[in-house]
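Engineer: For reference, the chains in residue letters:
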Amino acid sequence: MRLSLEVAALAVALALVPGTLLGYALARGRFRGRALVDALVLLPLVLPPSVIGYLLLVLLGSGGPVGRLTGWHIPFTFPAAVIAATVVALPLFAKTAQAALSQVALDLEELAYTLGMSRVRTFWKVTLPLAWRGLLAATVLAFARALGEFGATLMFAGNLPGRTNTLPLEIYTAYLTGDNERALLLVAILSAFSLGVVLVANRLGRNAL
Amino acid sequence: MRLFGVALLWCGLGGATERSLLVSAAVSLKEPFEALAQRFTKDHPEIKITFNFAASGDLVRQIEAGAPVDLLATAAAEPMDRLERAHLIEPASRRTIAHNRLVLVTPRNKWLKWAELMRARRVAIGDPRTVPAGQYALELLDRLGLRAQLEPRLLYAANVRVALDLAARGEAEAAIVYATDPVAASGLVVVDRAPDDLVVSYPMAVVSASQERELGRAFIALVMGPGGRQLLRGHGFLLP
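Sequence lines, in order, name chains A and B.
Quick note: the first sequence, position 120, residue 120 per my numbering, numbers continuous.
Here my numbering runs 1000 ahead of the position in the second sequence, where the first position is 1.
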């Protein structure tokens, strides 16, 4: 449980800044290739987790381009579990943030510009404070997704006791080894927790409008 | 909707005319079993053989959960014993079809013996919770007195072929696999062998709930016959 919470919390922390920037770019930006960026952001949500896990293993593996360049051994470690969770949580965060940020009235941002505020300052002082509830909802949803990550973690981070065996993987192991009581207990915990998360996210999302 | 109806009809007809055999087998049996299936369908052209290759522990769990499997071959006696006690396989059909041996494999440039395993940063084995090869590997490490030291460096793989793949990809400096696994094809070399008395046995039996028990027994007879024995030996298995 603790391992799962650590992985999910770190994944969300890693997704926060790029997710917000991506969400803002998609909400406000009118740049070439916007549709492509939008599609690429969505891709990890649509792709099967096994595809993501395999790609991570090939790209970030010891024999892959990153592994060879840096000499790092990422797969089957705690950081690998965090990376897998980040990749699947980021799109959910970015899309929810995009929705929240586009709710902020353009007039207010333009008003800030005419009053001489820079774009960056406007983003910090006007846009973010107005969208904070939606961003919080994005954080909560991304956390739930990261906590529930299974497929990519199994392939890229393995299922190593005490290192990468997050709750969803523990349920899988408990089932495979015939420990149905443990499986059921973990399923109950994860279901209750996720329900709570979604309720909170919905509440935040509704009030944001 | 009409297309759906046609598809349904087609499936129904197909099911009526084509008989099939679903064989769950330890993944280490993949190559000889696929070759055997070709021979079997030569004699029985109306029969379609489908394989379900996985770790023996996973296969046994599926049968306990009621998977519609006709035949089972595992890489250890213990999971088969468990099914036999639960009356899920036909005891009379049970045969030991082959033996195997564990080996230590490494990439070409990292030559290690058992005694030097502590130099490896990571060693891949099958997940001992479901993979017999992993259980044998732990038993072997126990005997070598390396288990306690090496345990934090072990990478557990979903089955023995994944353990092989992890060494091939460079995620592990060594892997403990079967002598029959496609080591050379993975760009690896066998650097050491397990002692002779650590023998792996493959039992095979007909699943009690199968609708094709007669065919299942015929398949086992083929495996035990001269053709099957020759094929298994050709793939490096030891014969009972």
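Do not take every clue at face value.
[As the list claims (entries may be wrong)] Under 8 Å between C-beta atoms, here's a sample of chain A residues computed to sit facing chain B:
{"no.": "1", "residue": "W72"}
{"no.": "2", "residue": "P75"}
{"no.": "3", "residue": "N159"}
{"no.": "4", "residue": "L160"}
{"no.": "5", "residue": "T173"}
{"no.": "6", "residue": "L176"}
{"no.": "7", "residue": "T177"}
{"no.": "8", "residue": "G178"}
Keep in mind that the hints were calculated from the coordinates and are not lab data.
Since we're looking at a predicted model, the values are computed, not measured.
Glycine residues also receive a C-beta, built at the ideal position from the N, C-alpha and C atoms.
Engineer: For every hint, state whether the structure bears it out.
Structural biologist: Hints, one by one, checked against the model:
1. For the restraint placing W72/A at the interface with chain B, the shortest Cβ-Cβ distance is roughly 12 Å, beyond the 8 Å limit, so the hint is violated.
2. Given hint, P75/A at the interface with chain B, holds; its Cβ is 5 Å from that chain's nearest Cβ, closer than 8 Å.
3. The closest approach between the C-beta of N159/A and any C-beta of chain B is roughly 6 Å, which is under the 8 Å cut-off, so the hint is satisfied.
4. Given the 8 Å rule on beta carbons, the hint for L160/A holds: about 6 Å separates it from the nearest Cβ of chain B.
5. Below 8 Å, beta-carbon pairs count as interface contacts, and T173/A has one with chain B at about 6 Å; its hint therefore holds.
6. With a cut of 8 Å, the hint placing L176/A at the interface with chain B holds, because the nearest CB-to-CB distance is about 5 Å.
7. Proximity of T177/A to chain B holds as hinted, the smallest CB-CB distance being about 5 Å (cut-off 8 Å).
8. For G178/A, the shortest C-beta to C-beta distance to chain B is roughly 7 Å, which falls under 8 Å, so the interface hint holds.
Hint violations for this structure: number 1 only, all remaining hints satisfied.
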